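Hey, can you work out the whole structure from these sequences and the hints?
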Amino acid sequence: MSTREQVEALLTKVAGGVNTLYDSDFLLTWERSRPELELVLSLAEALQQMVRAKLPTRVFDGRLGMSIFRDKSTRTRYAFRSGCSLLGLNTEELSEEHSQIAHGETVRETAAMISFLSEVVGIRDDQFLGEGHAYMKEVGASLKESYEAGVLPQRTTVVNLQCDLDHPTQSLSDLRHLMDEYGGLEALRGKKLAMTWAYSPSYGKPLSVPQGIVGLMSRFGMDVVLAHPEGYELEDEPLAAARRFSGESGGSFSVAHSMEEAFEGADIIYPKSWAPARVMRERTRLLRAGEGDALDALEKDCLAQNAQHKAWEADEKKLALTREGEALYMHCLPADISGVSCERGEVTEGVFERYRLKTYAEAAHKPYIIAAMILATRFTDPGQRLLQGLPR
Amino acid sequence: MSTREQVEALLTKVAGGVNTLYDSDFLLTWERSRPELELVLSLAEALQQMVRAKLPTRVFDGRLGMSIFRDKSTRTRYAFRSGCSLLGLNTEELSEEHSQIAHGETVRETAAMISFLSEVVGIRDDQFLGEGHAYMKEVGASLKESYEAGVLPQRTTVVNLQCDLDHPTQSLSDLRHLMDEYGGLEALRGKKLAMTWAYSPSYGKPLSVPQGIVGLMSRFGMDVVLAHPEGYELEDEPLAAARRFSGESGGSFSVAHSMEEAFEGADIIYPKSWAPARVMRERTRLLRAGEGDALDALEKDCLAQNAQHKAWEADEKKLALTREGEALYMHCLPADISGVSCERGEVTEGVFERYRLKTYAEAAHKPYIIAAMILATRFTDPGQRLLQGLPR
Amino acid sequence: MSTREQVEALLTKVAGGVNTLYDSDFLLTWERSRPELELVLSLAEALQQMVRAKLPTRVFDGRLGMSIFRDKSTRTRYAFRSGCSLLGLNTEELSEEHSQIAHGETVRETAAMISFLSEVVGIRDDQFLGEGHAYMKEVGASLKESYEAGVLPQRTTVVNLQCDLDHPTQSLSDLRHLMDEYGGLEALRGKKLAMTWAYSPSYGKPLSVPQGIVGLMSRFGMDVVLAHPEGYELEDEPLAAARRFSGESGGSFSVAHSMEEAFEGADIIYPKSWAPARVMRERTRLLRAGEGDALDALEKDCLAQNAQHKAWEADEKKLALTREGEALYMHCLPADISGVSCERGEVTEGVFERYRLKTYAEAAHKPYIIAAMILATRFTDPGQRLLQGLPR
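Protein chains in written order, with our numbering: chain A, 13 to 404; chain B, 13 to 404; chain C, 13 to 404.
Since no wrong hints were added, every one of them can be taken at face value.
Okay, the calculated beta carbon distance ranges per label pair:
#1 C:R70 x B:E50: 33 to 41 Å
#2 C:T392 x A:D192: 25 to 33 Å
#3 C:G196 x A:C354: 54 to 62 Å
Each computed DSBU-like pair below joins lysine-lysine, with the alpha-carbon atoms no more than 30 Å apart:
#4 C:K84 x C:K149
#5 C:K156 x A:K66
#6 A:K84 x C:K156
#7 A:K156 x B:K84
#8 B:K25 x C:K66
#9 B:K84 x A:K84
#10 C:K217 x C:K312
#11 C:K25 x A:K66
#12 A:K322 x A:K370
#13 A:K149 x B:K66
#14 A:K156 x B:K66
#15 C:K66 x B:K156
#16 A:K84 x C:K149
#17 B:K84 x C:K84
#18 A:K370 x C:K156
#19 A:K156 x B:K370
#20 C:K84 x A:K84
#21 C:K66 x B:K66
#22 C:K370 x B:K149
#23 A:K370 x A:K66
#24 C:K84 x B:K149
#25 A:K66 x C:K149
#26 B:K66 x A:K66
#27 C:K66 x A:K66
#28 C:K370 x B:K156
#29 B:K66 x A:K25
Think of the hints as simulated: they come from the structure by calculation, not from any bench.
Computed from a predicted model, the values in this text were never measured in an experiment.
Ideal Cβ positions, reconstructed from N, Cα and C, are used throughout, including at glycine.
Pasting the structure below:
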């Protein structure tokens, strides 16, 4: 099959169906059905092939994709901008200077003011546990209200570019990478994936990546193992989702307390640092209260606690425990590489280097996933819409 | 009539005429003829309907819209960017770090350097009374010179996104809102509009909104009443224009000194804070002289003066004085809402909430007004140009 | 000939040839062959005429042009953005906060992350002698690696927007200006060009402009004279290139030690300040070492040294020495104009004013040169590609 024929096959498969993502916000993978996720994955795959075959992907003209980032961002900004551009959207960014998240009238009004000609608002808000997801829901509700009142000519939708609970553009990109590596979703059944904490000399890394990974990968019949030192617990909601999904999908979900145990026989390893949910909650409270001294003390304590777990490093010895000693290493990047970006970190230079270009390929899916989410929330039949644009 | 037919009717009406806005700068509504204003209004209305009907509005390809903002801006930046995008223009922003406005060679050179492939330069410069409009004229003259010398392939035009004298994109958006509310320009004849000062706990709000409103609304046979406490005078030029226009249009223009008097029998109310022209002039002088202590004293005095006028709040009791107790409330947003964004402000929560979504609809016109100004200053026959782009 | 016919003639001349710039980085003019430079010049000329004739120049859709600027930039940012827009590329900027240039894995990873859907990365890095060019080569090598590994769907190319060694978009724009002034490349043979140092009250102006000018203009049979006070030496590499090229092209290259000597009989004068290479090298070392006091001392010394050479000012008296007293004055802008932008500077107000609009026309070539470099590095047959887009 030519690439063109593959694209047509992929799009024809998803065209004509009922699209329950239309005019809704894409916030958490675990509140989405498996057909909804598969629609996004298929559209992303089709878009990536269309780019390689230089087929046209523009479906918008003269409309905007807005973004709101609560902190500095290079990679996410690029991924959003390039995903939007692929569909013909210009982008604009709302600068939010204040760490205090807006509420009520300020959110409602701002949401309307930046959406008159916007198809989508991408939001990244992962800094404050307990707030990011709530803020995105509030923005979505405001957009719905303004659309229903006739103020907005379209139901501008929200796409979660990372919140305190989930990181769906990352986890779905990671899943697309696994589909490429193993040959589709069905091939993932029975594979063992180890999502493990890893040591990092920095503090306050968000929880959304491990939460997003276990909440998503558990839906495809994989044996998902989450591993971390005691005290580095994640939020309950995504873990509950992972337990429920693993039962439904014929896979399993378990928690281990050593990297070695998690790596044992694993097909896929994802060693990555994060901060304890407990610490992140306290951090949010102290930031809100403006207690600078207590914040410094919290950081110091947390770093001291981290330092006790320097052995949680993905090295050759631990990699040897995985299936045939060559599990697929994954990371959302940038990784803390021992001897490269820090003295001691999440992964040794040798292990990272072996998989370096594969981690780039993993990241390469993100613009397509973002574009696929926009397509799926903005068109009743996105597959048909892309098919229409193909030259005869 | 279908939307498509309405669009064609609107555009056919304005197509084929002599367009005296072509290759000129849009700086002040009161230096523009009524046919010129009606062209902009018709184009804006057509564009808005074209968006709702998903009709193509791209008329440029590969050209830029530049913006220069003298202060932080979310709403204006969005409105300019989305208006430009609608027409197919990319945007770029000139960062002006320094509060000292450039003059002479610096303006001439910069104007040329950012205009080689720019169709329009949108400028917001409302901070310094006596300077914003002068700066825009200087930029316009520089662009004209470079165009006539063959340096620029087009006469890049200037659009005033708010200056010290006028705020034409706001006042024309407000007028479009009134046309929608009442059914066209003619329906505004005899309506009473109360543009009144209102209390705000902040200092230094620009004068361009009230000046722009009285300078524009007086041209359509309305009874325009300006109200403010003693000492909160506006600049002379727009008031003189309002007096002249109200005579010509068969309406009236008067100044009242209480909110109650202005609201009495009003069809439309626009309660909004501003700083006295006298204070803003002094503020400009002190900023230029670098007299920080005197500036602080001026702010303190001005806030104390404001505090004597807390009764200038649009509340239910005053609203009851208006025609049938239900005048249309207008605001350029964001409003200072008592008990919401401040303890005591321009409007009570109850009054604002009743009109909240209408104020959003009022703001929604701005991207179309900006796009209409660009069309009108960049095409000899903008109506025909939009008609050409309609699919057969 | 109509403009359209001229465009077709220009493009037909370069279409069909072997394009050795394809999939490579454009970093230094002196590592490029004369046919490669002529391809860029012809494409730039064609694009400029296409803009004037309103012919379509879009060759990309939904792809990005990335930029990396190491310092604040208005003109270069505009030129890059407008050049990209002309071809249908959206742009995005990578913010590099830190003065410390990234190396190794950070460069490789970042290069990939900002290039998934990018056709080009434009980089300006002229602050640290010995580093800018090296950084660009590292980015280019990283992009090549990621492309060859299949991570990038295209070989994203690097365009040098100014480095420590060369400033090819400036020097080629200057050359386009000379072609317009004299009627093509052949007409430049035998012309005397004086690239001379000039006094400026500021410190640390980069060397890339004079280096780029002598390294490029020496290739077209011109008599290139470089003049500066003792101690203001440039880097060796571009001077060696100038000597080599002048021999090959039938022109000459010499160094003078007074502005008067350089101006004598000159057809073209380019008076422009720069810092001694020796000082810039020391500055890089001190910045890297974080030696603030030594840096201040260096700046003070350098300014004191500059002050001894205030006579290096392009004034009427020196201009009278040039061919018929009316050599073409050139500058990359902004110029330090005596009595306008500074008390005493590079050029007197009278001399500058006479050539002011010509310096704007000189700058106007840059967006087209940048677009031409992108075309030449991204298409095997860019002339044919532009021809294809012409309406029948």
